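Fit chain B to the known structure of chain A by using the hints.
Protein chains in written order, with our numbering: chain A, 1 to 259; chain B, 1 to 237.
Please note that the accuracy of each hint is not assured.
As the list claims (entries may be wrong) - Residues from chain B that keep clear of chain A, each with C-beta distances beyond 10 Å, as calculated: (1) C28; (2) N74; (3) R102; (4) R141; (5) A149.
Stated by the list, open to error - Here are some of the chain A residues that sit facing chain B, going by a computed Cβ distance under 8 Å: (6) E16; (7) G25; (8) R48; (9) E82.
Claimed, not checked - Chain B is faced by these chain A residues, among others (derived, beta-carbon under 7 Å): (10) D13; (11) F17; (12) A37; (13) A40; (14) A51; (15) A58; (16) I66.
By construction, these hints were calculated from the structure, which means they are not laboratory data.
Everything numeric in this text was worked out from a predicted model, so none of it was measured.
Using N, Cα and C, we set each Cβ at its ideal position, and we do this for glycine too.
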Amino acid sequence: MMQEPEQLWTDEDEQEFAIYRYAHGLMDAAERAAFEAWAAARPEALARLGAWARARCATRYLRMRIVDGAPRPELHLSPVVEGYGALELAPTRAVNRYAAGASQQATRRFLQTTSADGRVLLTLRAETNGDWRLTARYAAIGRWEPLGEDYVLVQTPHEPLAAPQCLLCLIVDLDSDAVRRRYLAWFTPDPDAPDCSVARLRLPDWHSEVALARLLFGVVDADAARWLTDAERRASRAAALDPDAQQRWQEWERRAPNE
Amino acid sequence: MTEWESARRTEAVDWRIQDWLTKMAQGCACEREKEALADWLLEVCLYYAHLERLDDSPEIAVLATERLWQSVENGSLTWRDDSGLCGLMRYIRQAVRFEAGRHRRAVLRDRAVVVPLDDALNLPDPDDLETMVVERLDWQRLTEATRAAVQHLSPQQQLVVQLRLEGLEPRDIAELVLIPRAQVNVVLSQAYARLRRLVLAQAETDPALAATLEQVFNIRFPSEAVEDDAGTRTVMD
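In isolation and in its complexed conformation, chain A is listed as follows (with noise of 0.2 Å):
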């Protein structure tokens, strides 16, 4: 017979065990409806709770990696990342187009793409000097789906989102697997596309030193901007195109003096 929730976790050591399980999903559905009920009347347990959420948010895009024999934080992208997405990164292709009958060829200048959640619209843009022009598209309020060649926003009302904050992206060596470079944006209201934020960046040219690359993209808190090398926070406020994602990185490094 199921124990009474108060029965169930007397001492400390119990209750943390019992949090630990429940937030990694380790109990069954029975004891989960018996933990909630314990829960939801102790600020104790629901901040635990809270701090493990907030643990694991921070832990989708920050990882430990081994440097030296010590371990690193890096930071990095998989797709439980919000809004991730891949794009390969082969040089510019000649597609046919078709018209009244005749054929001509064109080099398409642009890469396209959206996040596995549908929620990013990530246009890459090649420039004539070389460098290339991201242009990332988040729907709060729907998703990006594909018609044709092109991309229309999907509403689903019921399930809006919050605004984002960052988007991470990473530019992959796909010959020897290593993060060649890192770049954060920061999203603002998009002003052509009402109920979006739009994250843009000017990327200089890659290919002098990576020939096949891969862009890992995903959506993060602005805390990511923490893990950033000073490098890589320089190179990603100069690649920032808009004034507002300048003034966004002035009020960063003014909050965080010593970074």
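Showing chain B alone in chain A's frame:
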């Protein structure tokens, strides 16, 4: 998940951490296992740093993880069967507290010269009307009424509402409570609607609460409101 499966998964988590620590002590852990252990230590350090509501929680958690790593390498942090996972977590909590103390002292040392300026900037603004109004409101009455109303929600509604009040985003709540992201909004919306009904019902028999609601949310109760000759509505006590 059945009870047997959940017990097995819990044991597997324990065994995994025990295995990493044992291999580290024997010097035979591979890079992947080392990184997995470091990531686990970081997660637990972050948990305690957030639980202690430390300033600069992430930095302190990372510093504590780096220091704990030294303890793992020199053999002072190992798996002990008699204390298990809880014993290990107690040790990690102490390490986080210790690191927080060191960090706080270092910050105070570094910022000693700018403290007078910080103090000057943080002086209360005598013309801050918003703060004055908020301070004069009868929050206690409202908090008590809301707390009493929360008891009438289902356990899941209570948990979701309380976690939201803790400042968690719906996405984080969904991951913790294991319900779909969209359902969190539905649960919150239904819970708030029920809370509103309960608090308003209580206000009908509690004039002080009714006055507070009017003051805070500009909610008036038609049954108790009268209109004077000039057309101005007032609430009767």
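Status of each hint after checking the structure:
1. Separation of C28/B from chain A is adequate, the least Cβ-Cβ distance of about 15 Å exceeding the 10 Å criterion.
2. Under the 10 Å C-beta cut-off, the non-interface status given to N74/B relative to chain A holds; the minimum distance is some 12 Å.
3. At roughly 15 Å from the closest C-beta of chain A, the C-beta of R102/B stays outside 10 Å, upholding its exclusion from the interface.
4. The beta carbon of R141/B sits about 20 Å from the closest Cβ of chain A, which is more than 10 Å, so the claim that it is off the interface holds.
5. Look at A149/B: its CB is around 13 Å from the nearest CB on chain A, clear of 10 Å, so calling it non-interface holds up.
6. The closest approach between the C-beta of E16/A and any C-beta of chain B is roughly 6 Å, which is under the 8 Å cut-off, so the hint is satisfied.
7. Taken as an interface hint, G25/A checks out: its beta carbon lies about 6 Å from the nearest beta carbon of chain B, inside 8 Å.
8. Of the supplied interface hints, the one on R48/A holds, with its beta-carbon coming within about 6 Å of a beta-carbon of chain B, less than 8 Å.
9. At about 7 Å, the closest approach between the beta carbon of E82/A and any beta carbon in chain B falls short of 8 Å, and the interface hint on this residue holds.
10. Of the supplied interface hints, the one on D13/A holds, with its beta-carbon coming within about 4 Å of a beta-carbon of chain B, less than 7 Å.
11. Because the closest C-beta pair between F17/A and chain B is about 6 Å apart, less than 7 Å, the hint holds.
12. Annotation: interface hint on A37/A holds; nearest CB of chain B at approximately 4 Å, less than 7 Å.
13. With a cut of 7 Å, the hint placing A40/A at the interface with chain B holds, because the nearest CB-to-CB distance is about 4 Å.
14. Interface hint status for A51/A: upheld, as the beta-carbon distance to the closest one in chain B is roughly 4 Å, under 7 Å.
15. Below 7 Å, beta-carbon pairs count as interface contacts, and A58/A has one with chain B at about 6 Å; its hint therefore holds.
16. Below 7 Å, beta-carbon pairs count as interface contacts, and I66/A has one with chain B at about 5 Å; its hint therefore holds.
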